[in-house]
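Trainee: In case you want the letters, here they are:
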Amino acid sequence: MPAETNQTLVRAQDLRKRYGDFEAVRGVDFEIQRGEAFGFLGANGAGKSTTMRMIGCVSEPTGGEIEVFGLDPRRDGTAIRGRLGVVPQDNTLDNMLTVFENLTVYAGYFGIKRREAKARAAELLEFVQLSGRSDDKVDDLSGGMQRRLAIARSLINRPDLVLLDEPTTGLDPQARHLVWERLFQLKQQGVSILLTTHYMDEAEQLCDRLVVMDEGRIIAAGSPRELIDTYVTKEVVELRFNGLHTTDLAEIASGLGGVGAQIEPLPDRILVYTDDGDDTSAALEVRDVRPSSVLARRATLEDVFLRLTGRALAEDEA
Amino acid sequence: MSVIAYSVARASLSRSGSMLARNWVAMRRAWVLVLSGGIESLLFLFAFGFGVGALVGDITLPGGAEISYTAFVAPAILANAAMMGTLLETSINVFAKFKWMKVYDGILNTPMRPWDVALGEVWWALIRGGIYVGMFVVTMAAFGLVDSWWAVLAVPACVFISLAFAGLGLTLATLFRDWPDFDWMMAVVFAMFLFGGTFTPVESYPGFAQPLVYVMPLYHGIELVRGLSLGDLSPMMLLNVAYLTALAAAGTWIAQRRLSSALYK
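These protein sequences, in sequence, are chains A and B.
Under the working numbering, the first residue of the first sequence is numbered 1, with each subsequent residue one higher.
Under the working numbering, the first residue of the second sequence is numbered 1, with each subsequent residue one higher.
Possibly wrong hints are sitting among the right ones.
[To be verified] In silico DSBU-like cross-links for lysine-lysine, where the CA-CA straight-line distance does not exceed 30 angstroms: (1) A:Lys-113 - B:Lys-102; (2) A:Lys-137 - B:Lys-99; (3) A:Lys-113 - A:Lys-187; (4) A:Lys-137 - A:Lys-113; (5) A:Lys-234 - A:Lys-187; (6) B:Lys-265 - B:Lys-99; (7) A:Lys-137 - A:Lys-118; (8) A:Lys-137 - B:Lys-102; (9) A:Lys-118 - B:Lys-102; (10) A:Lys-187 - A:Lys-118; (11) B:Lys-265 - B:Lys-102.
Note that these hints are calculated values from the structure, not bench results.
These numbers were taken from a predicted model, which means no experiment stands behind them.
The whole structure should be built from the sequences, with the hints applied where relevant.
Mentor: Okay, structure coming up:
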């Protein structure tokens, strides 16, 4: 038995990854416990996937310490990978094989016997609602189906921890919800999940605990509720001004001093952080700023992210 | 320790075996494609052996023995079949799986290591080469071109050729950047086929050209297979075997290093 006295699945200390002159991960610390759904939240290029790859033993750290299941990825990669389930960003399904073969052949890589592999494959296809597509080629599946197949494949070895790299990026809303449902079910079955995402709603719905990454560093950590409580107010009032330029917004924002707890002008709207949205909306009316729309809502992780990084995620989208 | 070494070796073999199993499943529906490679060599045998052979008649070997030209050329074409089967399998197919289909990216998320992938691809290439060799030997025997019981050993000799070119093909697959590189490879392969001692004894080449031929891996394969199928043994064959084995080991080792550095980034 590996030295797993406690329930910590992954432990990283000052973990770093450098590519030539570029340091993608600049010293991150985190611990992932058994049974937890843990998230890496951040824009593209924040270092999420690189960190994920180091946990998955397919990328060697250039500094710091990392332990997975109490083992050292540099030495015990084979043993660690045998207990992980991985859903890569681009699926990496085998498009020379059918849907069913993708599962049974993959099971072979884990040394799972054929009979057992077939039984598990059938069961998992049922779970991701692809039973009817068993004999189809992978290329004939939609993006959402391919992602579900990749999720099924990652479960073939009954992993102790499932790594999902941006599980719903590029999927249409319906496909996203199907994936979320499956992940939520996994969570309920007690499977430990580690996912990266740049969707705040995804992180909020699925993660028990998460870290926010920016430019290779962890800039905040906690449960979604904790992060909201710590970094932003309970509510947010969004002011939109149709037809006004970004520079006008900045000017209006600078004239709003004293309203709410903090004012954040964005290119398309002004956010007013406050503990009481109705009070603040009333106070704004007195100010005579005449927004085209006022929306008072609960603060979300997205607000946390905007506060922490000082910029909208959309800017980083390719 | 030896118990551990045994279980490590067994696990490692079963891992490369699962790579082999993957290729088997993937090609199960495309056997015609696999067989077509063997037919090409048979066409060469008919064209050069029987076509040109009928014109040339018998030739005298440097050793003094006199044999039919068809019996001289056939083992060389057999060696060529063993080469092509494995080289095409490992270079083009592995390149496609590596660069285009990203098959290995998914596989390396499992306990499989680049070493297991490389070995699995070598086993598979050996099977494919073996099928071509088998088709060819049966045809040679049917046309009375197998003169000696030593010819039975031509089959394992072809395994050495297959091994060598599997290693070489794997290395090329990891070095090549795009499809045009394969045109260069095919040019070199064709040059080896034409000048590696296939159609005339190397001793008949001008002196300056002979060292070039000795470097060609196919030459060593041809020497080995021809010597065995004609029952004309010489100690030089050990050197041929050593050369081919070294090429196989070096090629496979370089390939798994290249796979590691490309996929473990």
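Trainee: Each of the hints needs a verdict: does it hold here or not?
Mentor: These are the hints, each one checked on the structure:
1. Annotation: proposed proximity of Lys-113 of chain A to Lys-102 of chain B holds, straight-line Cα distance about 25 angstroms (limit 30 angstroms).
2. Using a Cα cut-off of 30 angstroms, the hinted pair Lys-137 of chain A and Lys-99 of chain B holds, with the two alpha carbons roughly 20 angstroms apart.
3. Annotation: proposed proximity of Lys-113 of chain A to Lys-187 of chain A holds, straight-line Cα distance about 27 angstroms (limit 30 angstroms).
4. At most 30 angstroms may separate the alpha-carbon atoms for a hinted pair to count; Lys-137 of chain A and Lys-113 of chain A meet this at roughly 23 angstroms.
5. A C-alpha spacing of about 27 angstroms is found between Lys-234 of chain A and Lys-187 of chain A, which places the hinted pair at or below 30 angstroms, so the restraint holds.
6. Using a Cα cut-off of 30 angstroms, the hinted pair Lys-265 of chain B and Lys-99 of chain B holds, with the two alpha carbons roughly 15 angstroms apart.
7. Straight-line distance between C-alpha atoms of Lys-137 of chain A and Lys-118 of chain A comes to about 17 angstroms, which keeps the hinted pair within the 30 angstroms bound.
8. A distance of roughly 16 angstroms separates the Cα atoms of Lys-137 of chain A and Lys-102 of chain B; the hinted pair therefore holds under the 30 angstroms criterion.
9. The hinted pair formed by Lys-118 of chain A and Lys-102 of chain B meets the criterion: a straight-line CA distance of about 24 angstroms does not exceed 30 angstroms.
10. Between Lys-187 of chain A and Lys-118 of chain A the CA atoms are separated by roughly 24 angstroms; this keeps the pair inside 30 angstroms, and the hint holds.
11. Taking the CA atoms of Lys-265 of chain B and Lys-102 of chain B, the gap is about 14 angstroms. The hint holds against a cut of 30 angstroms.
Taken one by one, the earlier hints all hold for this structure without exception.
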